[in-house]
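**Q** Each chain, letter by letter, is given below.
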Amino acid sequence: MSTQNRLSGLKVDSLRKRIGTFTLSADFEVLRGERAALIGPSGSGKTSLLRLIAGLDLLEATEDSGTILLGSEDITFTVPERRQVGFVFQEQALFPSLNVMDNATFALRMRGLHEAERNAQVMPWLERVGLRDKAQASVGILSGGERQRVAFVRAVVWKPRVLLLDEPFSALDASLRDVLRRELVELHRLWPVPLLLVSHDEKDLDSVATRRIRCEWDLKTEVRRFVG
Amino acid sequence: MPAKGGLVKFRSAIPLYFLSLIPLGWAGVDLRPELILYTYDSFVAKGGPGAEILPRFEKLCACKVRALSAGSGAQLIARLELDYERAKPTAQVVLGLDQHLWDRAKSYIEPWGEWRPKGYSGILPELKAIPAKEGFLPFDYGIFAMMADREALQELKLSVPEKLGDLLKGEWKRNIILEDPRTSTPGLAFLLYTQEVFGKNVWDFWTALRTQWLTLAPGWDGAYGLFLKKEAPLVWSYTTSQAYHAEHGDKVGRYQAILFQEGQPIQIEGAALVKGNLSDPAARARAQAFLEFLISTEVQGLLSKTNWMLPSVRGVALPASFKALPQPKKLFQIRTRAEQVKQVLRDWDRAVSQAKGSR
Amino acid sequence: MRVPRVLGWIAFVWAMGFVAFCLGAPLGALLLRVFMSSGSHPEFVDLVGVWTVVQATVQQAFWSVFFSVGLGFPLGLWVGTQVSCGSRTGRACEILLGLPYGVPTVVAGLTGVLWLGRSGILAGLGFHSDWLYSLKAVILAHVFFNAPWIALAVAQARWRVAQDSDAQLEAARTLGASYGSRLRFVIWPSIRWPLASQSVQVFNLCTMSFALVLLLGGGPPVDTLETAIYSHMRFSSLDVGGAAVFALAELLINLVPWGLILYFRGRESHPVLILRGNKPDRFKNRGSRASQNLMSLGCIGACLVALLPYSALVWIFFKQRYFNSDFASEIFRPLVLSLGLALGASVLVTTLSIAAVMVGALTAKNHPRFQGILNLALALPSGVSVLVLGLGFWLAYGRWLDPFDGSFLAMVVLQATLFFPLSFRMLWPLAEAVQLPLLEAALTLGASPGRAFWLVEWPRWRGPILSSAAVVAGASLGEVAAVSLFYSEKLIPLPLLLTRWMAQYRFDQAQGLAFLILILSAGTIAMVKGRVS
Numbered sequence: 067m068s069t070q071n072r073l074s075g076l077k078v079d080s081l082r083k084r085i086g087t088f089t090l091s092a093d094f095e096v097l098r099g100e101r102a103a104l105i106g107p108s109g110s111g112k113t114s115l116l117r118l119i120a121g122l123d124l125l126e127a128t129e130d131s132g133t134i135l136l137g138s139e140d141i142t143f144t145v146p147e148r149r150q151v152g153f154v155f156q157e158q159a160l161f162p163s164l165n166v167m168d169n170a171t172f173a174l175r176m177r178g179l180h181e182a183e184r185n186a187q188v189m190p191w192l193e194r195v196g197l198r199d200k201a202q203a204s205v206g207i208l209s210g211g212e213r214q215r216v217a218f219v220r221a222v223v224w225k226p227r228v229l230l231l232d233e234p235f236s237a238l239d240a241s242l243r244d245v246l247r248r249e250l251v252e253l254h255r256l257w258p259v260p261l262l263l264v265s266h267d268e269k270d271l272d273s274v275a276t277r278r279i280r281c282e283w284d285l286k287t288e289v290r291r292f293v294g
Numbered sequence: 221m222p223a224k225g226g227l228v229k230f231r232s233a234i235p236l237y238f239l240s241l242i243p244l245g246w247a248g249v250d251l252r253p254e255l256i257l258y259t260y261d262s263f264v265a266k267g268g269p270g271a272e273i274l275p276r277f278e279k280l281c282a283c284k285v286r287a288l289s290a291g292s293g294a295q296l297i298a299r300l301e302l303d304y305e306r307a308k309p310t311a312q313v314v315l316g317l318d319q320h321l322w323d324r325a326k327s328y329i330e331p332w333g334e335w336r337p338k339g340y341s342g343i344l345p346e347l348k349a350i351p352a353k354e355g356f357l358p359f360d361y362g363i364f365a366m367m368a369d370r371e372a373l374q375e376l377k378l379s380v381p382e383k384l385g386d387l388l389k390g391e392w393k394r395n396i397i398l399e400d401p402r403t404s405t406p407g408l409a410f411l412l413y414t415q416e417v418f419g420k421n422v423w424d425f426w427t428a429l430r431t432q433w434l435t436l437a438p439g440w441d442g443a444y445g446l447f448l449k450k451e452a453p454l455v456w457s458y459t460t461s462q463a464y465h466a467e468h469g470d471k472v473g474r475y476q477a478i479l480f481q482e483g484q485p486i487q488i489e490g491a492a493l494v495k496g497n498l499s500d501p502a503a504r505a506r507a508q509a510f511l512e513f514l515i516s517t518e519v520q521g522l523l524s525k526t527n528w529m530l531p532s533v534r535g536v537a538l539p540a541s542f543k544a545l546p547q548p549k550k551l552f553q554i555r556t557r558a559e560q561v562k563q564v565l566r567d568w569d570r571a572v573s574q575a576k577g578s579r
Numbered sequence: 043m044r045v046p047r048v049l050g051w052i053a054f055v056w057a058m059g060f061v062a063f064c065l066g067a068p069l070g071a072l073l074l075r076v077f078m079s080s081g082s083h084p085e086f087v088d089l090v091g092v093w094t095v096v097q098a099t100v101q102q103a104f105w106s107v108f109f110s111v112g113l114g115f116p117l118g119l120w121v122g123t124q125v126s127c128g129s130r131t132g133r134a135c136e137i138l139l140g141l142p143y144g145v146p147t148v149v150a151g152l153t154g155v156l157w158l159g160r161s162g163i164l165a166g167l168g169f170h171s172d173w174l175y176s177l178k179a180v181i182l183a184h185v186f187f188n189a190p191w192i193a194l195a196v197a198q199a200r201w202r203v204a205q206d207s208d209a210q211l212e213a214a215r216t217l218g219a220s221y222g223s224r225l226r227f228v229i230w231p232s233i234r235w236p237l238a239s240q241s242v243q244v245f246n247l248c249t250m251s252f253a254l255v256l257l258l259g260g261g262p263p264v265d266t267l268e269t270a271i272y273s274h275m276r277f278s279s280l281d282v283g284g285a286a287v288f289a290l291a292e293l294l295i296n297l298v299p300w301g302l303i304l305y306f307r308g309r310e311s312h313p314v315l316i317l318r319g320n321k322p323d324r325f326k327n328r329g330s331r332a333s334q335n336l337m338s339l340g341c342i343g344a345c346l347v348a349l350l351p352y353s354a355l356v357w358i359f360f361k362q363r364y365f366n367s368d369f370a371s372e373i374f375r376p377l378v379l380s381l382g383l384a385l386g387a388s389v390l391v392t393t394l395s396i397a398a399v400m401v402g403a404l405t406a407k408n409h410p411r412f413q414g415i416l417n418l419a420l421a422l423p424s425g426v427s428v429l430v431l432g433l434g435f436w437l438a439y440g441r442w443l444d445p446f447d448g449s450f451l452a453m454v455v456l457q458a459t460l461f462f463p464l465s466f467r468m469l470w471p472l473a474e475a476v477q478l479p480l481l482e483a484a485l486t487l488g489a490s491p492g493r494a495f496w497l498v499e500w501p502r503w504r505g506p507i508l509s510s511a512a513v514v515a516g517a518s519l520g521e522v523a524a525v526s527l528f529y530s531e532k533l534i535p536l537p538l539l540l541t542r543w544m545a546q547y548r549f550d551q552a553q554g555l556a557f558l559i560l561i562l563s564a565g566t567i568a569m570v571k572g573r574v575s
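Chains as they are written, first to last, in my numbering: chain A, 67 to 294; chain B, 221 to 579; chain C, 43 to 575.
Only chain A is shown next, with the shape it has when bound in the complex (with noise of 0.2 angstroms):
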């Protein structure tokens, strides 16, 4: 697969999902090298539409619809673990009975590369986060800051097609933010995919977002619409 192919746009083409007692509706498109914001009050669904296009949760046969694009590939119904897709999660979910180069590393290793060549791709990154000495250190002894950088890295070193990030930065102090703001910045320029971003922060919003997708919520018909 090409660089130029990797790096294709996502489309959320017509999408609906029931959930509970209301449906959500997608339909937006983001660009590589975009970094879009998903707006939206506490549970208009935001997080719930970054786990469809995971693939963490998938859409019912016979009550939804919709695709899901990435570049012209339909990954509608591919299974998460092919869909090429970075996720930072909420509560960064680092594998505690890894060390912190194995977590970063674990992507690559499931594809098969070998642990020399795994760590030279990884050390650059980590190196630029500033985890460089920490790399052999058990993730349990990280701070909060390092854990989310650990996260980051783990997301984009493998060159994934898509990132994903649900709400990255609501663990941290306000300072720490806006230095991991400008690194999540800094890594995405190097590795430019769509990126779409879960968070509650206007100053993530102004900082990183480059485009808003909002959610238009309408009471009548609990239709939540994320549109951009």
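Where hints are given, some of them may not hold.
Pairs of lysine-lysine, BS3-like flavour, derived with a Cα cap of 27 angstroms [said to hold, decoys possible]:
#, chain 1, residue 1, chain 2, residue 2
1, C, Lys-178, B, Lys-389
2, C, Lys-178, B, Lys-266
3, B, Lys-279, C, Lys-532
4, B, Lys-450, C, Lys-361
5, B, Lys-393, C, Lys-361
6, B, Lys-284, C, Lys-361
7, C, Lys-361, B, Lys-495
8, B, Lys-449, C, Lys-532
9, C, Lys-532, B, Lys-308
10, B, Lys-338, B, Lys-495
For the record, the hints were derived by calculation from the structure and aren't laboratory data.
Using the hints, position chains B and C against chain A.
**A** Quick look at chains B and C alone, frame taken from chain A:
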């Protein structure tokens, strides 16, 4: 408040209520002198001989018999031994030791000296292997024998074995149920019996026997249970098992005791006086009277059908099922010393578990 | 968070008191006896003999554990993945997998004969096998006994993974991990220790298995150390020295695996990362409802397999009518006693293990070495033969409690000692996942430490505590060895009545009683577990 007052009154009434019970409780206390007896479990169990015999003795001596059951015969000794160590002898009489345990028990037993229980002379001579002065009173005995399920024998087209050596024949392969000599008395008796019969060649016999037995059950009950489930047509038990089945509906003689040409080993069950708690002459007299009572014709008759053992004295009226039991030509009254048993078991273990080849 | 000092001390004294009185004193008295008697009776120890028995015991236990894990691990993983923890199916599976633990060994042996025996059910159907009365039969019986127990531990650990590490599983998926990789990197690290400790527990049970080995093993060379210990105490004039050699071998065999687990676990720094509150269950794609139901049914069916053999008993029980007024009147007292014993043992064990778990949790941070020693000491009862421990009780406390008169208290205490490690291992994972942030939150909101614990932690502890109590009660109902050391004519619990009946040719009634014990012990486990989970 009146309600509270009522509660207080009620509370103070509780101790009064209990106080009023004291005279009632006092009336229930038995003031009769006591004879304390150690015995094995099935003696005192419901349906066992204790329930029939002990009340009769209580009437006779105007005393109360407290029978404490100690599990198996071997556990009796452990208890005597611990009593002795604690310097707190409890029992006056111990009932249910057999000749294999006697050597271990002796140090906790009061020898008779010149005294002999009334009726001792009537005891079968073959049961008197242990000298009278040591203080062992044989009160019943059992003849060990293979029990056969004739129905199963017929189905498997097996002929009845006639001598011990027949058990090694190919047709008996995995067709015999035995007890483990390390954990059960009948099992040990079988081992000692084979030693008596084969002498030096006993371990050859056992090495060959390994392929013949189906299993070595931990105890007689386990073995006999398997036998009744038709797991094998032959089990090591007592001749009186035949009488039991005859009394319980076996009209056609399906279950039969089989005797070997070499003769049969016996288990002699005995009673004895326990050292250390007989200083009171009245207590001693009661304990001695109990021993005499055990070999009285009345009790001997009762023992057979409640304990499924044979009476130790001559001329006791027996039920027909007992009279029909086969009579062995020869009885082995094997007596062993504790050290000897240990050695035999060790040798047996080596012969059986360390021998090459699988079963 | 500061746990009130007093509470910590009470727990410490309670747990240490247990170690001192129920393990230290009896084993000490035994050792004293060995040394005192070794001077007067130099005991020849047949080392070759010991070695042969050790080999046979370890071989049997190893294969039993091997097959139990081989069957139990995938089953537990399957159940833990396919069925969700709180669901009705999940509860049913938990109960079913817990039941075999309440089966008395006598009943298990009997069932083996009923099925595999020469006149057994399978033979009746035309499947003649030569399995019974061999090592294979012993292993088979042990596997039926223990595989569900392994599966239960694995399923529960898997459920904890789903609860605590759901995000990690999802992260692994987005990073491209296949099922195998997720198993290896996320699930396995969380379930390997529960699996290891459960396997060691099963290993302990198998090395100390006695009646089952003798009944189904067909005699030497299929042998067990317990037989050797028993024969030394039985015939050889309380040859404690001889018995002690075998007991020591048994202790070593059983404690070495525990030591290894503690050592390797201690070496591995395995910090608990983030302790989150339970997430609300997200909607999940689990396939269609029909396939879901099919899965649930499949899981329940698989869990039922281990219980299948006992159905033969049910059939026999109803074919022959045992229940008459005689039967009922004879079992009444023993029944009451057995129930009392089960209640006493489970209450004692549970309070002890809560205390021990608390001590372990409190000392984890500042005294890791002490904690290690405590852990090993508390594993001790799973390596000591009941016979040895019972004899130790006699020697240590014979002065005060008269074994001849029977002692309810001694029965309770001895059983509690035996079953303690079981309950301790069931509760220990709780201490390792104390949700400090939540407790602290409760404290800042004005709750007293006790109340904070009650509100935040107790809901998490309640289930495991009650189910460990239930398992202990169930096991107590079928336990023979400890009670046979301290019973008297007035204190005869059901399992002893069973052996007594068998000694009186009352085999049919004994079978009825065996079934009753099975129903009681399994029923206790089912009832309590059904309520709590």
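**Q** If a hint holds in the structure, say so; if it does not, say that too.
**A** Results for each hint:
1. C:Lys-178 with B:Lys-389: holds, 26 angstroms
2. C:Lys-178 with B:Lys-266: Outside the cut-off at roughly 38 angstroms; violated.
3. B:Lys-279 with C:Lys-532: The given pair, whose Cα atoms are some 22 angstroms apart, holds under the 27 angstroms limit.
4. B:Lys-450 with C:Lys-361: holds, 18 angstroms
5. B:Lys-393 with C:Lys-361: violated, 33 angstroms
6. B:Lys-284 with C:Lys-361: Status violated; Cα separation ~44 angstroms.
7. C:Lys-361 with B:Lys-495: violated, 52 angstroms
8. B:Lys-449 with C:Lys-532: violated, 32 angstroms
9. C:Lys-532 with B:Lys-308: holds, 22 angstroms
10. B:Lys-338 with B:Lys-495: Distance ~21 angstroms between Lys-338 of chain B and Lys-495 of chain B Cα, so the pair holds.
Taken one by one, the earlier hints fail for this structure at numbers 2, 5, 6, 7, 8, listed in ascending order.
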